[in-house]
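With the sequences and hints as input, model every part of the structure.
Sequence lines, in order, name chains L and F.
Sequential numbering of the first sequence, starting at 1, is according to this note's numbering.
Sequential numbering of the second sequence, starting at 1, is according to this note's numbering.
Think of the hints as simulated: they come from the structure by calculation, not from any bench.
None of these values were measured; they are calculated from a predicted model.
There could be a bad hint or two in this list.
[As the list claims (entries may be wrong)] Chain L is faced by these chain F residues, among others (derived, beta-carbon under 7 Å): (1) S48; (2) L121; (3) G364; (4) K371; (5) R376; (6) K398; (7) Y429; (8) V433; (9) I434; (10) E440.
[Stated by the list, open to error] The following residues of chain L were derived to be distant from chain F, with all beta-carbon distances above 10 Å: (11) E64; (12) P237; (13) Q331; (14) P422; (15) P505; (16) N526.
[Claimed, not checked] Keeping only pairs whose Cα atoms sit at most 30 Å apart, straight-line, the calculated DSSO-like set for lysine-lysine is: (17) F:K398 <-> L:K255; (18) L:K175 <-> F:K398; (19) L:K416 <-> L:K368; (20) L:K175 <-> F:K365; (21) F:K404 <-> L:K175; (22) F:K62 <-> F:K77.
Glycine residues also receive a C-beta, built at the ideal position from the N, C-alpha and C atoms.
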Amino acid sequence: MVERDKNHPSVIAWSMGTDAGNGVNFYRMYEWLKGYDPSRPVLYEQAGLEWNTDVVFLQHPALEELDEIGEKTNGRPVVLAECGYNWGNALGGLDPFWDSLMAKPVVQGGFLGPWKDEALMLDVNTLDSVLLYGGDIGPDSLPHDSNFCLKGLVSSAQVPHPALKEVKHLFQPVKVAALNVKKGRIRIENRYDFRPLSHLALYWQVLANGVARQSGTVLNLQLEPGAADTLEIPIAPFSPQAGQEYVLDLSFQLKQEDGLLPQGHEVARAQFILRERYKPEVVETKGLPELLVRKQKRTWIISTDEFSLTFDRDKGTITSYRYKGDELLQQGFAPFFLRAMTDMDRASGYAAEAQMWEDAHQRMYVRKACLEKVHDALIRIGVEYLVPPHNVRCRLIYAIFGSGDVVLDYRLDFEKVKNPLPAIPRIGMHLQMAPDYEFVKWYGRGPHESYSNRKAGAQLGIFTQHAATVRAPYLRPQAFGCKTDVRWLSLTNNSGKGLLISGMPLVSFTANAYPLESHWDNYRHNWELPLQDAIHLYIDLAQMGVGGMQPGRPVDKQWLLPANQPYRYHFRITPVDVMREVEELSVQDFEKDWMPGIKMED
Amino acid sequence: MRMGSLIGLIKSGLAIGLLCGGWAWAQKKADWQNPQVTGIHKMAARSSFFSYENHNLALKAKPGFSRFYQPLNGHWKFYWAEKLHAREDYFYRTTFDDFSWDSIAVPANWEMHHYGIPFYLNNRYEFARPDTAPTAVPVATNQVGQYRKYFHIPRSWSGRSVWLTFGSVSSAFYLWVNGLKVGYSQGSKLPATFDISEYVQPGRNVLAVEVYRWSDGSLLECHDSWRLSGIEREVYLEARPRVHISDISVRAGLDVQQQLGKLEVEVTLTNELSKAIQQYWLEAELIDPDGWNVIDFATNQMFRLESKSQSAVVFAESLPAPMPWTAETPHLYTLLLTLRNEAGEVLEVVPVKIGFRNVEVHNGKLLLNGKPLSLRGVNYQEHDPHTGHVLTEAALRKDLSLMKQHNINAIRTKGHPQSELFYELCDQYGFYVIDEANIESEGIPFASDQTPGQQTPVAAGTPRPPQTHG
Chain L
1 MVERDKNHPS VIAWSMGTDA GNGVNFYRMY EWLKGYDPSR PVLYEQAGLE
51 WNTDVVFLQH PALEELDEIG EKTNGRPVVL AECGYNWGNA LGGLDPFWDS
101 LMAKPVVQGG FLGPWKDEAL MLDVNTLDSV LLYGGDIGPD SLPHDSNFCL
151 KGLVSSAQVP HPALKEVKHL FQPVKVAALN VKKGRIRIEN RYDFRPLSHL
201 ALYWQVLANG VARQSGTVLN LQLEPGAADT LEIPIAPFSP QAGQEYVLDL
251 SFQLKQEDGL LPQGHEVARA QFILRERYKP EVVETKGLPE LLVRKQKRTW
301 IISTDEFSLT FDRDKGTITS YRYKGDELLQ QGFAPFFLRA MTDMDRASGY
351 AAEAQMWEDA HQRMYVRKAC LEKVHDALIR IGVEYLVPPH NVRCRLIYAI
401 FGSGDVVLDY RLDFEKVKNP LPAIPRIGMH LQMAPDYEFV KWYGRGPHES
451 YSNRKAGAQL GIFTQHAATV RAPYLRPQAF GCKTDVRWLS LTNNSGKGLL
501 ISGMPLVSFT ANAYPLESHW DNYRHNWELP LQDAIHLYID LAQMGVGGMQ
551 PGRPVDKQWL LPANQPYRYH FRITPVDVMR EVEELSVQDF EKDWMPGIKM
601 ED
Chain F
1 MRMGSLIGLI KSGLAIGLLC GGWAWAQKKA DWQNPQVTGI HKMAARSSFF
51 SYENHNLALK AKPGFSRFYQ PLNGHWKFYW AEKLHAREDY FYRTTFDDFS
101 WDSIAVPANW EMHHYGIPFY LNNRYEFARP DTAPTAVPVA TNQVGQYRKY
151 FHIPRSWSGR SVWLTFGSVS SAFYLWVNGL KVGYSQGSKL PATFDISEYV
201 QPGRNVLAVE VYRWSDGSLL ECHDSWRLSG IEREVYLEAR PRVHISDISV
251 RAGLDVQQQL GKLEVEVTLT NELSKAIQQY WLEAELIDPD GWNVIDFATN
301 QMFRLESKSQ SAVVFAESLP APMPWTAETP HLYTLLLTLR NEAGEVLEVV
351 PVKIGFRNVE VHNGKLLLNG KPLSLRGVNY QEHDPHTGHV LTEAALRKDL
401 SLMKQHNINA IRTKGHPQSE LFYELCDQYG FYVIDEANIE SEGIPFASDQ
451 TPGQQTPVAA GTPRPPQTHG
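Set out below in structure tokens:
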């Protein structure tokens, strides 16, 4: 190896192997290498802190182990030989982990887990070529390590996993901080080791609810490597408009082609909130059309000329929501507590511990449901669910307005629960729509999936997706596709009719045509998941974070949803019929007269 | 020594037999069971480079354009033996009839073509069983692939040395040419080159290869990956002049303070002729990234060499204010070495890409060109879902492109070295590479009395250091 590769400038160090212990042979190998090629450092991961490595080359250290590492290395720098496996949906907590690492002066970087998933495409039994992992081929008695071969940043077919987008953001060579963002004053730091920033151009925009209102270019960035400086973006003063959120978006792009990268390639990106959402237009609800309420044995039907909503008192859900003749809903909003367990959840033991949440939505029953007329154009329906056997309580209030809008208030509490319960995977609601409502558009983080502890690389913007053609990126079925910090989202058909869901202020959502996210463990491969003739939509307050940088370690406490405190969120559902309306409707707000105070009949 | 214990035997250095899978005391070990043997008649390791017949072709640096390079990739005849004794006897003979044999792509992992089962394992040996020693490499149950390939040697190659190179074979193999045994090689992730000049003739020839799925080398190749076998990288022929450049060692240092590039080149020349040579010339020139000639080494060296011997020629030169190499600014110079005979005729021209840079650990920091490096890296192994460990150039380029797009600047060749092309592309596009030897043995515990790292040199260790630098 040394003979073959000795002339390559890219080879900056020799490594004597991996996972092979240390001992006399590696001592001798180190000495031989240092004598033969004094121009390069020699590293060996298994040497640990022993003398036969020029750089302390550690594999998967816990952050705590590194606290006093500076005092133990005997004047040598530390590089992480391996840290972070993107095993399934993982790399949660990447940013704080890496930042903590780099904050130690002795650490000079590291190598993330394997680059690529290693699934094999083979035909097996009666199946044509499909992607397979360990244990899929050959008799069951053969040894294997299952899907532990799938921990790459890109898929086997070289499609980047969402976590790679987070890595790109983490590794970006330009760091930006806000000094006085309203005046356009920012601080940029050049994190290249050798290059000044002159090969980059800065394209800036002021976005109002995701739409560009101002833009400009800074072409002459002058900053030496390692230096930082203040930059003034010439934002023209503006008066904020109703319901608009203003964001300063900064994109650093290549002025010219550079090796493997094309001209215009975005090297770094940053966003800052210029102005939080400005006062929305308030809708005078008393002026809306009068609601007609028909009470039947099992259902309540609330309607006007334009819409009709049927509520099933036993199920506690909306079973029909028709708007201008079109049925928008197949199955109405129901609390949902699960997100399909990830590989990290399984490895840390959380999946087994949190079994009770797997079927909570099925065990749940309606304890009471009641209806109250507030005024001619506002009806409130209250539903109380209990989840046995622990009596977890979920109370919903649907405030239905004469315009067809529904504001949903969700509260989850554990007051009646006696024993401690495992943390909840997901706090949200599930609904099902007909497959033609597959055009998804949202204003929030994107375009790729994001989770509470893995989202810095997902920027705010308006994004679109076809829910019916969304495919699970992870070969072993597990949670995917969550979009966080969403201000609003809409699902429409090809005539532009459908639903707008507005966060109050934010929701996270997932939309796809896969089966309900429960018992996905019954399927070994994502290609086995049967695609449905429906769109499943989940609107969440939050999901727990995804697994972290090492298998076996549970998700950090700060990203958990503990089952010992109350949770509450609201969102508004608005029927839409032409795409234009979505942006207009999203800047509206309703009077707060829908707040609870509803009487629940016994 | 604890007689009843396998571990005690390893400690005492009688490990050889046991490392080789439970052979009885008296039998002679096969080469693929013998940790002392990693090559027979395999040419010594050397830096990777190609030789061209003239200046123009050397600048283009595409081996396929040379008349003296012949790729042998394609479809070869193949026979798979599910057990050791199912091998075809005498399959290497020129008269052997391979008509009924299957055909397999080369390079290819045969498990991807349904010969045997691919295993995915993280840190256990795929052949380990509850009832066998952890270091028992299969013998009777070993699986073997036998290959045959006809090839053509053009008349223009007469008078030249003919070399046959296998880029990578997993895990060990024997080679025959025209019915005669040429040699053996072990060590899956580095090339094996054999001088087959004495075995070939102009016109039609046949080569035969016998590849063993498992060998004692497998004990050091317990990678977190699919365990696959076969010929995994390029196979090709080269015809070199009998007097030729056999190795090149370049040091292209950078004195940051003085802004000076310091180039030292050691060229090993070999004379395969049966007579001595005099007044041969070795010229060298350095061309900068923009194509300008910046150094014509004043010391064009004239040398003489005895028959069947080697000698080294050294040049050194300083280059003021060179464009330094870094992953952010991968400036490459081209060193052209031209070998001429006493009549002044060009025998061969060899291009070597050079980057002026300095790496050191100093004052507790890993420095490149005097500045502390920030390594934003990934671990890399060869993988393709359709072809297993066989990676095409297009797939490799796409991997490197994606890494660049995502602000990655460093790659560790985890578990084993990569193909020669990988390093060329990293030089060209700019990545910091930690080049890791093909040593991973987590299937054996790391305890100091068991790990190969601690074996007495007679046991597992010695072949590997030469292997590492081989």
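Name the hints, by number, that the structure is in violation of. none
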